[in-house]
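Participant: Sequence:
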Amino acid sequence: MATYAVGDLQGCYDELKQLLKKIDFHPARDCLWCVGDLVNRGPGSLDVLRLITDLGSSAQVVLGNHDFHLLAVAQGLRKTKRSDTLDKLLKAKDAPQLLAWLAQQPLLHYDAELNAVMTHAGIPPIWSLAQAQALAAEVELELRSSRQRDFLSRLFANDPLCWSDQLTGAERHRAIVNYLTRMRFCRADGSLELETKSEAANAPAGYAPWFSYPSQVAPQTRLLFGHWAALKGRTGRQGIFSLDTGCVWGECLTALRLEDQQLFQVPAQKK
43 MATYAVGDLQ GCYDELKQLL KKIDFHPARD CLWCVGDLVN RGPGSLDVLR
93 LITDLGSSAQ VVLGNHDFHL LAVAQGLRKT KRSDTLDKLL KAKDAPQLLA
143 WLAQQPLLHY DAELNAVMTH AGIPPIWSLA QAQALAAEVE LELRSSRQRD
193 FLSRLFANDP LCWSDQLTGA ERHRAIVNYL TRMRFCRADG SLELETKSEA
243 ANAPAGYAPW FSYPSQVAPQ TRLLFGHWAA LKGRTGRQGI FSLDTGCVWG
293 ECLTALRLED QQLFQVPAQK K
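The opening residue of the sequence shown carries number 43 in our numbering; numbering runs sequentially from there.
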């Protein structure tokens with residue numbers, strides 16, 4: 043049995059199939075972790091969701107910002123963007139089932155036996171693993187409840203840019219989602235900068251990559267994330283793995299085997 047963590051899929055179905063073939067993935071034996079952003083921008087979002095849901099318990103997913111965008115678009119709360127490729131998915135007969143499944147997925151997954159934690163964008167330096175787990179659970183409760191539509195309608199904004207335990211309601215939920223699905227650069231106090239998408243070396247003045255600060259997550263706990271294609275898989279930090287290697291941008295799709303930390307990659311196909 044092996045566990046593979048794969049970077050942002052974003053509708054790159056053909057590359058996912060190639061990667062699963064390359065690693066000789068068998069759902070009866072192996073497990074696939076997906077770091078979020080299953081959908082959008084690539085051409086095969088519908089097929090990706092169908093494949094991952096068909097894996098059942100052999101797949102472990104966390105939600106990314108594009109996944110939240112899809113859920114809001116499906117409820118008429120957001121308009122599609124010019125770069126979106128969601129129409130085929132939204133018109134599919136099985137779209138309601140796929141979207142219901144997506145809304146049940148967590149924001150954070152931790153495996154004590156593998157001593158690895160996965161979120162889409164990372165864990166801010168101001169949170170311990172236990173705090174991140176508890177805060178992710180708050181959002182998951184809202185997303186899976188009858189309050190889902192109201193929750194999604196208040197989700198998409200940048201404020202507040204800094205965490206406080208005193209935050210409540212929509213501001214609290216929005217901050218949690220922004221940290222776990224949109225974070226790249228921040229200050230030591232956790233203040234976010236949510237506009238810059240550049241390489242780590244090009245941080246805005248006063249900010250640095252979130253993983254450059256001392257972490258409250260135990261150093262022996264491996265941290266897996268995606269979201270930041272400009273890193274090209276490099277963090278310079280032991281035990282912190284960036285898995286978004288820009289497949290949808292013409293680069294490659296990456297999987298990390300957790301048992302021995304071996305990397306596997308397939309190149310992006312021409313779209």
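Possibly wrong hints are sitting among the right ones.
[As the list claims (entries may be wrong)] Using 27 Å as the maximum straight-line C-alpha spacing, the simulated DSSO-like pairs for lysine-lysine come out as follows:
{"hint": "1", "residue 1": "Lys239", "residue 2": "Lys312"}
{"hint": "2", "residue 1": "Lys133", "residue 2": "Lys274"}
{"hint": "3", "residue 1": "Lys123", "residue 2": "Lys133"}
{"hint": "4", "residue 1": "Lys239", "residue 2": "Lys123"}
{"hint": "5", "residue 1": "Lys63", "residue 2": "Lys312"}
Honestly, the hints are just simulated from the structure, not real lab data.
Values in this document were obtained by computation on a predicted structure and should not be read as measured data.
Participant: What's the verdict on Lys133 and Lys274, does the C-alpha distance respect the 27 Å limit or exceed it?
Facilitator: 34 Å, violated
Participant: Checking one constraint from the list: CA of Lys239 to CA of Lys123, max 27 Å. Satisfied?
Facilitator: Distance of about 18 Å is within 27 Å: holds.
Participant: Within 27 Å, alpha carbon to alpha carbon, are Lys239 and Lys312?
Facilitator: 24 Å, holds
Participant: Taking 27 Å as the top limit, are the C-alpha atoms of Lys63 and Lys312 close enough?
Facilitator: 19 Å, holds
Participant: Holds or violated: Lys123 with Lys133, Cα cutoff 27 Å?
Facilitator: Holds. Lys123 to Lys133 sits at ~17 Å (cutoff 27 Å).
The structure fails hint 2 only (numbered hints given earlier).
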